[in-house]
Amino acid sequence: MPFHQTTLPNGLQVIAELNDRAHSVAAGFFVKAGSRDESSEVAGVSHFLEHMTFKGTDRRNALAVNRDFDRVGAKHNAQTSEEDTFYHVTCLPEYLPTSFDVLSDILRPSLRDEDFETEKQVIVEEIRMYLDNPMSVAYEAAKTAHYGGHPLGNSILGTVESITAMTAPQMREYFDRRYSPANIVLAFAGKGVWQPLVELAEKHCGAWKGGPAPRQAVPAHGSRAFRAILRAEDQQQTVVGVADGPPLESADRYAAHLLATILGDHTGSRLYWALIDPGHADGAELSYQDYNQSGAFFTFLSCEPDSTRENLERVADVYRGLMSEGPTEEELVQAKNKVLARSVLRSERPMGRLASLGFHWMYHRAYISVEQELEAFGRVTSDDIRRLLADWPLWPMTIVSVGPTTEIHPPA
Amino acid sequence: MTEAHSPPTTIQQHVFPNGLVLLAEAMPGVQSAAFTMLMPAGAAYEAADGLDLPGGAATMTAEWITRGAGDRDSRELLTALDNLGVSHAESAQTLHTSIAAATLGRNLEPALELFADMVLRPHLDEEEVEPIRALCAQNLRSLEDDPGSKVIYELRRRHFPDPWGRPSPGSPEGVASLAPADLQRFWEASYRPNGAILGVAGAIDWPRLRDAVGRLFGEWSPRPEPRIQERPVGPARDHILRETQQIQIALARPAATVDSPDYYAARAAVAILGGYSSARLFTEVREKRGLCYSVYASYEGHRERGALLCYAGTSADRAQQTLDVMLAEIDRLGRDGVDLEELQTMRAGLKSSLIMAQESSMSRSGALASDWYFLGRVRSLDEIAEALDALTPEEVSRYAASLTGPEGLTIVTLGPNALRTSSA
Numbered sequence: 104m105p106f107h108q109t110t111l112p113n114g115l116q117v118i119a120e121l122n123d124r125a126h127s128v129a130a131g132f133f134v135k136a137g138s139r140d141e142s143s144e145v146a147g148v149s150h151f152l153e154h155m156t157f158k159g160t161d162r163r164n165a166l167a168v169n170r171d172f173d174r175v176g177a178k179h180n181a182q183t184s185e186e187d188t189f190y191h192v193t194c195l196p197e198y199l200p201t202s203f204d205v206l207s208d209i210l211r212p213s214l215r216d217e218d219f220e221t222e223k224q225v226i227v228e229e230i231r232m233y234l235d236n237p238m239s240v241a242y243e244a245a246k247t248a249h250y251g252g253h254p255l256g257n258s259i260l261g262t263v264e265s266i267t268a269m270t271a272p273q274m275r276e277y278f279d280r281r282y283s284p285a286n287i288v289l290a291f292a293g294k295g296v297w298q299p300l301v302e303l304a305e306k307h308c309g310a311w312k313g314g315p316a317p318r319q320a321v322p323a324h325g326s327r328a329f330r331a332i333l334r335a336e337d338q339q340q341t342v343v344g345v346a347d348g349p350p351l352e353s354a355d356r357y358a359a360h361l362l363a364t365i366l367g368d369h370t371g372s373r374l375y376w377a378l379i380d381p382g383h384a385d386g387a388e389l390s391y392q393d394y395n396q397s398g399a400f401f402t403f404l405s406c407e408p409d410s411t412r413e414n415l416e417r418v419a420d421v422y423r424g425l426m427s428e429g430p431t432e433e434e435l436v437q438a439k440n441k442v443l444a445r446s447v448l449r450s451e452r453p454m455g456r457l458a459s460l461g462f463h464w465m466y467h468r469a470y471i472s473v474e475q476e477l478e479a480f481g482r483v484t485s486d487d488i489r490r491l492l493a494d495w496p497l498w499p500m501t502i503v504s505v506g507p508t509t510e511i512h513p514p515a
Numbered sequence: 002m003t004e005a006h007s008p009p010t011t012i013q014q015h016v017f018p019n020g021l022v023l024l025a026e027a028m029p030g031v032q033s034a035a036f037t038m039l040m041p042a043g044a045a046y047e048a049a050d051g052l053d054l055p056g057g058a059a060t061m062t063a064e065w066i067t068r069g070a071g072d073r074d075s076r077e078l079l080t081a082l083d084n085l086g087v088s089h090a091e092s093a094q095t096l097h098t099s100i101a102a103a104t105l106g107r108n109l110e111p112a113l114e115l116f117a118d119m120v121l122r123p124h125l126d127e128e129e130v131e132p133i134r135a136l137c138a139q140n141l142r143s144l145e146d147d148p149g150s151k152v153i154y155e156l157r158r159r160h161f162p163d164p165w166g167r168p169s170p171g172s173p174e175g176v177a178s179l180a181p182a183d184l185q186r187f188w189e190a191s192y193r194p195n196g197a198i199l200g201v202a203g204a205i206d207w208p209r210l211r212d213a214v215g216r217l218f219g220e221w222s223p224r225p226e227p228r229i230q231e232r233p234v235g236p237a238r239d240h241i242l243r244e245t246q247q248i249q250i251a252l253a254r255p256a257a258t259v260d261s262p263d264y265y266a267a268r269a270a271v272a273i274l275g276g277y278s279s280a281r282l283f284t285e286v287r288e289k290r291g292l293c294y295s296v297y298a299s300y301e302g303h304r305e306r307g308a309l310l311c312y313a314g315t316s317a318d319r320a321q322q323t324l325d326v327m328l329a330e331i332d333r334l335g336r337d338g339v340d341l342e343e344l345q346t347m348r349a350g351l352k353s354s355l356i357m358a359q360e361s362s363m364s365r366s367g368a369l370a371s372d373w374y375f376l377g378r379v380r381s382l383d384e385i386a387e388a389l390d391a392l393t394p395e396e397v398s399r400y401a402a403s404l405t406g407p408e409g410l411t412i413v414t415l416g417p418n419a420l421r422t423s424s425a
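Chains A and B, in that order, are what the protein sequence lines are.
Here the first sequence stands for residues 104 to 515, numbered as in the working numbering.
Here the second sequence stands for residues 2 to 425, numbered as in the working numbering.
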């Protein structure tokens, strides 16, 4: 699949991975603006701003934004993380000019006062929806406990208080700082021709202005904290664990993904056999999350409140076991096979390629094909994983428990 | 029934003597292959005459078959699937137990061998039942902690005649009481080739696939069709008390079946009501009034019935207004109908979804199996596109009028307080 890249005079990076056999094309703006870039006065502004972009521009109100996407059958959405805001659309190739007209338009939103107040209520409802979800509550609390004052511990959604107190001028100021073209990557994946894509980018984004938007990405070192939060009305106990891992800049991220697959994939992993198969828990997984200059292994556990302590012991045994013995060759091969097949399946859809393409360019300024990525996974040895565990021990870790019991103590 | 409609050239079909239906679509340009097997072993069949099992048998059995089959024990079986890079899910829904799997095309045949073991030769080791019981009991507790999912299960349970609204996760009492012999009986009665559909899509070689499926599933012996007696349930209005932040609102009303001449008009009406971001519910409830984060309408089809489902979740102080606006929008759709622009938007969305599904072997394999279940044949994409093109605003408006009024309407709410459901 051919790859192309260019930089517009205003600093906007444009990349494309073209695939003639695809039926659709996906386009995405990757803005380096997330909760870690927020001060506490504007907690949640990145995510709120993501919502506000869909509320309209000088050319379109909110209804027109939705209508103009839907009229050509374009599937659009956006998501905000600790580090980035990602806007994307997938459509049939003949409708890309129309879809891209809307997608690029909303990246220069009006941020009208009236829309701001209406959308505030929607954000508050989204926050309340997550407050009814024990895993979300535990996840947010675990990040806060682990990272303490480091910006990676900031809440993506903010709080009802921070959102209610926020003003439109504060959001406009944040927008002006973070949404400058030099801070954005535009990526295309799927069926298309490079030169017309560049022309499309120039036509719609060439006039965007703004200077550099530096981020001080200070490496985070977690605290290995413990916290038990009472939610008397829950039936199950929900636990989230956090341990530091390699940052996204590190070549160890491939080993880290394989380690998480071996230990905590939803099926056939060590946690699966130790907790799920015997019926001790209904959820036990480990995943690796890479961040700019930081990384983390997240453990997720759901079980009966009375058995939380025993289950945490089981998790500790699994982690300590791998830390002292390393993985077997068989389980490493098994993990590689899983990763390979999942990569191939995902990459068959343009939307499945878009995110990894754009984020990789944003943080590495490099292109990596599916084949190259699979080769990198293939090269990981069991010694690499042993070394990784020596550098980034999984145990002890930060533990936050949420549910009907607080009678929980972290295993030694 | 199948002879009258010859399938399009890229879609192949074969009915084996034991009743198993194989459907396959070769997709140019993909390396993967996926399959979806639907067996008439959903939670509804727990209630079949002669079985009369409590809720949970279908889900527990679907878990049991994965714990050792053929000459492999539980661990060897999952390891073999992992080594073939198979992403898979075995699960019971209300109508079917389904096995859905995807892998590289070259690994399809060895993967099918493993699944044939699971379906035909599971060990059904009694020692596995207690761990499965513990796991399923915990899944039910987690469902109680998930108000958005819980309210939809409770809506379906009250709206569809029993057992067609049975929640597949079962009930705490059922999961606690089911004995290994009960699950064994469920497996024997329900895991049968007559009524089973295997849809395969992706990088496949049809003659080879047909021979392999014949070899692997040919000896599967048919069982009698179970008899199921329906009974009405309800109540049509209900509130479930929970000290949650938000009130969950779910409503359902009857809609055309998949094989009905009104099917496309019904799908169009549901989509225009709440199928995308410029649809009416999202526009009126969220964009104009800021009443909630999540609101939508969707269509659910069974063979003998279809339904319009609507959902929203919002704070107690906004919930009454949210429900009122939802009901008013259903009324407005029926009273004033739809216009041409809305119809064209709906068409563009459904058509591009159809074309984009051609990029996903998983999604196509599911569509093949489900078409056969509903229609006894597979629709080509052209046929669907033509039916959508033929729709007129008048036809959709006429159909939408049948979606209004209190008759057949079920409303379930979950949260700290009940809502007025009588007037819109």
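Incorrect hints may have been included.
With a straight-line cut-off of 20 Å between C-alpha atoms, the simulated PhoX-like cross-links for lysine-lysine are [unchecked claim]:
1) Lys289(B) / Lys223(A)
2) Lys312(A) / Lys178(A)
3) Lys294(A) / Lys352(B)
4) Lys178(A) / Lys151(B)
If you are wondering where the hints come from, they were derived from the structure by calculation, not from laboratory data.
Checked hints:
1. Taking the CA atoms of Lys289(B) and Lys223(A), the gap is near 12 Å; set against the 20 Å cutoff, the hint holds.
2. Of the pairs offered as hints, the one joining Lys312(A) and Lys178(A) is violated, with about 28 Å between alpha carbons and a cut-off of 20 Å exceeded.
3. For the hint pairing Lys294(A) with Lys352(B), the CA-to-CA distance comes to about 17 Å; that is within 20 Å, so the pair holds.
4. Distance hint between Lys178(A) and Lys151(B) is unfulfilled; the C-alpha atoms sit about 28 Å from each other, more than 20 Å.
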